[in-house]
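Given the coordinates of chain U, work out where chain C should sit on it, guided by the hints.
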Amino acid sequence: MIFEDFIKRNSELYPTKPAVICGDNTLTYSELWQKILDKTASLPKNEVVVFRVSQDIDFLLTYFGLHVNGSVAVPLEKDVPEEGFKEVAKLVKGFKTPEGTADILFTTGTTGKKKGVMISHRAIVADGENLVEGQKFTHNLAFVVAGPFNHIGSLSKVYPTVIQGATLIITEGMKNVNDFFTALDLPFTKFATFLVPSAIRILLQFSGEKFKRYASKIDFIETGAAPISHSDMLKLCETLPQSRLYNTYASTETGIISTYNFNDGRCLEGCLGRPMSHSKIIITPEGLISCSGNTIMSGYACDEELTRKIMKNNTIYTSDFGKIDEDGMLRIFGRSDDVINTGGFKVAPTEVESIALSMPQISDCICVAAPHPVLGTALKLIYVPSSVVSKKEIALFFKDKVENFKVPFYYEQADKIQRTYNGKLDRKFYRQNS
Amino acid sequence: MKEKILTLLEDALPTVDWSSDFLFSAMDSLAVTTVLAVLSEEFKISLNSEDATPKNFMTIDSIVSLVETKLKEK
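Chains as they are written, first to last, in my numbering: chain U, 3 to 436; chain C, 8 to 81.
Derived from the structure by calculation, the hints contain no laboratory data. A quick note: this is a predicted structure, and the numbers were derived from the prediction, not measured. The C-beta atom is built at its ideal place from N, Cα and C for all residues, glycine as well. A couple of the hints might just be wrong.
Claimed, not checked - Here are a few chain C residues that sit away from chain U, every Cβ distance over 12 Å (derived from the structure):
(1) Met8
(2) Asp28
(3) Lys79
(4) Lys81
Said to hold, decoys possible - Reference listing, derived: stretches of chain U covered by chain C, where coverage requires no fewer than 3 residues with Cβ under 8 Å from a Cβ of chain C:
(5) 34-44
(6) 63-70
(7) 167-179
(8) 208-218
(9) 366-377
This is chain U alone, in the form it adopts within the complex (with noise of 0.2 Å):
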């Protein structure tokens, strides 16, 4: 079974329901289906397929279309540069993927390689299923997507809302919020969406009284991806007294895990709740998180060895610190690994530092997190200059190298990066002083 006879299911069980909407443009579950069927067409056939996201209809039939050809879909940031587009159609060409592969969703590692993620049509059944039970998506809900496709946060929400036979609404993000409040006012009378951590910041900071007024509407609000504030979480108790609020356990190594309605009366700070059905979590004697079950990933592709650094019997173990509390729910407390999360994306601090030691301008940097108003945590760059540089110079000679979310937000001039004694960059001494 594939994700996708859901839909073949969907389009004979509730042909003239709206499956997608985009804007002016609405497909029924009869269209979407038939619409995926003509895109197979020009769609290659059991091949791994490299491609930049789009905020669209077209992503979708793209995506499903290339699961319904046997092929392995494999969607990049719209922004990837060229370079590293090729870079990942390089790594993937000729590559042969374990059966049952139906992606590879590429993210950063520790030391900044990019790693291919290996998903199976299994995994995605089951981070649907997981979903549909956990947080009770139902046939008459509206779920808007305000996230990137090629992130797992937004994606996974595809899996639950089509399982359900409910209606997808894509918007692109919180770039022109109007946009998203249109959406609410679609004629629909439940609406879901996830927001990172950011999203929620910007929507309570600069629209906190007209999303209130959209309160009864909203069914439930799923984050993720990055830690938010207990504050930001008390706040959007306050302004969605009714709604359920969810504060998810996921990555794209470990699919969706665990989640937690926040809105239970006692908004506990860093709760990601109890595993579902398909999942199972375990603490090591390190205090890491561990993960099992049928969500997890296949592995990483090209790269058996960091694999196995991760992946033993199944099991995916995490940098997450964490632990079960007395009612058997996940509590998170950081991470082990110097990886920065900035706005529901990690970046590997030492691929930042590389980028920068590239410049001949630069002699010696650190990347760093340092608070940011409305991320939360941004990238900070602290440079040692070897000639006169300016902060634009250095931030325009990142955005031709990067995706947008690697370019440094703040810059630091120094006459001296800290180092340990051994000569390795202190990243402790920065952390304690940031």
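Only chain C this time, still in chain U's reference frame:
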């Protein structure tokens, strides 16, 4: 006024080409929010997400006009 706004925004968002005639399409949600935050704080005006329309954010001049309008409303 325009020079002051340009200096502020160039400092906050150095990768944005502020001479563009299609500023809104060149920005992401963080850039749009940063503009709102920087300008509300500097000019003590109330800007919200609904002000961040493609029309208001088309060019640096349209952003300047938005600030001027908000200042008059104060």
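Results for each hint:
For methionine 8 of chain C, the non-interface assignment is confirmed: its Cβ lies about 22 Å from the closest Cβ of chain U, beyond the 12 Å cut-off. Remark: the non-interface label on aspartate 28 of chain C is consistent with the geometry, its nearest Cβ contact in chain U lying 18 Å away (cut-off 12 Å). No beta-carbon of chain U comes within 12 Å of the beta-carbon of lysine 79 of chain C; the shortest separation is about 21 Å. Chain U leaves lysine 81 of chain C outside its interface by the beta-carbon criterion, the shortest separation being 18 Å against a cut-off of 12 Å.
Closer than 8 Å: that is the beta-carbon criterion, and the stretch 34-44 of chain U has 0 residues meeting it against chain C, so the requirement of 3 is violated. Only residues whose C-beta sits within less than 8 Å of a C-beta in chain C count toward coverage, and the stretch 63-70 of chain U has 0 of them, not enough to reach three; the restraint is violated. Only residues whose beta carbon comes within less than 8 Å of a beta carbon in chain C count, and the stretch 167-179 of chain U has 5; three or more means the coverage holds. Check on the stretch 208-218 of chain U: 3 of its residues sit with their Cβ under 8 Å from a Cβ of chain C, so the three-residue criterion for coverage holds.
Only residues whose C-beta sits within less than 8 Å of a C-beta in chain C count toward coverage, and the stretch 366-377 of chain U has 3 of them, enough to reach three; the restraint holds.
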